[in-house]
Amino acid sequence: MNIALRIPGSLTDVILADLRRQHAFAYERVGFLLSKQTSVPSGLLLLGYKYMPIRDDQYIEDHTVGAKFDSSAIRDGMQAALSEGATALHVHLHDHVGRPHMSRTDIREMQALMPCFVNLCPERVHGALVFSVGAAVAKVWGTHLPAEGSPVSKITSVGSSIRFLGAA
Amino acid sequence: MVAEEQVREFMSLCPDAKQATEGGIDYVLLPLLKLPNGCNPNAVDCLLALGARDGYENRLFFAQIVASPQARNWKGQNIRILERNWFAYSWRVPNGLRPMEILIAHLQALR
Amino acid sequence: MNDRYSRQTFLGRDATQNLQAARVAIVGVGGGGSHIAQQLAYVGLGHMQLYDSDRVESSNLNRLVGATIEDAKLHELKVNVAQRMIRAVNPEVRIEIFPSQWQLAAAELREADVIVSCLDSYAARQDIESAARRFLIPVVDIGMDVHLVNEKPHITGQIILSIPGGPCMKCMGFLNDERLRQEAQHYGAAGERPQVIWSNGVLASVAVGIVVDVLTGWRSVPRRGEYLHYDGNSHELSRSPRLEYAPPTCIHFPLEEIGEPRL
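Chains as they are written, first to last, in this note's numbering: chain A, 1 to 168; chain B, 1001 to 1111; chain C, 2001 to 2263.
Just so you know, these hints were derived from the structure itself, not from any lab.
Owing to the predicted nature of the structure, the values given are computational and were not obtained by experimental measurement.
There could be a bad hint or two in this list.
Straight line, CA to CA, 20 angstroms or less: simulated SDA-like cross-link-like pairs of lysine to any residue [as the list claims (entries may be wrong)]:
(1) B:K1018 / C:E2257
(2) A:K68 / A:D18
(3) B:K1075 / C:E2178
(4) A:K68 / A:P53
Using the sequences provided together with the hints, build the complete structure.
Written out as structure tokens, the structure reads:
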């Protein structure tokens, strides 16, 4: 199954601007990208439409990780996914040039978190999206997908030009 | 947006009536709307456009072409709205009527 | 070493890769669309979806790129003609043909990165743009017509780029109630939709330039869309002032109204 993600260019800019903001103690910022899931002949197409940054007060100070957030942040993401009929993608930034890779911590955290989203909204996939400078990588979890998650094969940001962030 | 009370009025005719907007035009979806006597099929999903499109002030779309006592020119075929394909005959109803009156005026064309 | 694209490296380091990864749907492979299909094959586009239910007639042979006398005799499908032509230019292009109205293969259209609309009615343009906006797909639209002005034929045309979030064809004033009303009442221009190859060629070539820019970003010029007028008598292309007066973001297709409608 092919899974593709399209994000409006203006929204990509908003997300990256937010992820680059300094936090008082967290090394990284995170948020949730809400997307509409639609079926296409080759698999699934996710259409990003709203970004929910994690609020400053929802971060937990923990210098062993880039960012840690409390349960209210997870609840907000889950609530939005449920009430808006959306796919939730946890988003953060690896601020380097070149294709990003999900770290072992990223994958471990998402394998723990995403089943909660899938259990709540089993008819849709949910996952994680990592940006770098000019590229991105994403993985999703879903009811009929492998437990280790499925890669998103194509990520594009659609503005006055199309930025191919994650190659097909 | 179609006013709540107008949607409720449609629901008295079609319990699953729902409103939607696309391209700045308001629509009312009327699932399995019962059509005038003599129509085949006698009930079909319909979509009422309550704004100008395709050169009409308002327009009634059907999920399929319907045979009716009064034959109509089904000029509009496979018109894509709200991710479905619709069919429509050529029939003009002026604006200024209540949405329910617009619907009834369109259905009159099939009698 | 394959130096096929060595003359277009100015498009950027990733341009060839992006073009090869991209999927473009050409809706209508008649006079305009056939040019576009040919040119996109030359620039190295990786994947094309071709939509057209029509068959070749002898009256198409003044302009249908790739069509032969034999195609007209056989009433060959236009999508087959286009596919044959693309394969001759670039056999690596992945081609999907849909010998039908696009509405009957709409699910596949969702997967396109760009839609090129070469349709011959305002109503049809309205619908395809509406569908494209739902799935965050830019549309490049072209069209030409011949009108009588003081009883003399005047060739005009347009090339429009409609970007999700940016002004749509209604915002730009290209699609409006008056035009749709006249079309519904069959008010026509001079003759039986006159079409000539050189005007189609101008419009198609500019459209391809826009498609390549959308897919590669080589010009690095941000824009909200594009609306170009073509005057086929004076051979001039000019930017329509309507784009300048269009709202900064689309008032007809808010970004929240994307994906399949929740009904």
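Exercise. Taking only the CA atoms, is the gap from A:K68 to A:D18 under or equal to 20 angstroms?
Worked result: holds, 16 angstroms
Problem set entry | Pair hint B:K1075 and C:E2178, alpha-carbon separation not exceeding 20 angstroms | This hinted pair holds, its Cα atoms lying about 19 angstroms apart.
For this session: Measure nothing beyond the straight line between the CA atoms of B:K1018 and C:E2257; if it is 20 angstroms or shorter, mark the hint as holding.
Result: holds, 16 angstroms
Exercise. Does A:P53 lie within 20 angstroms of A:K68 when you go C-alpha to C-alpha?
Worked result: holds, 13 angstroms
Comparing the model with each numbered hint stated earlier shows that all of them hold.
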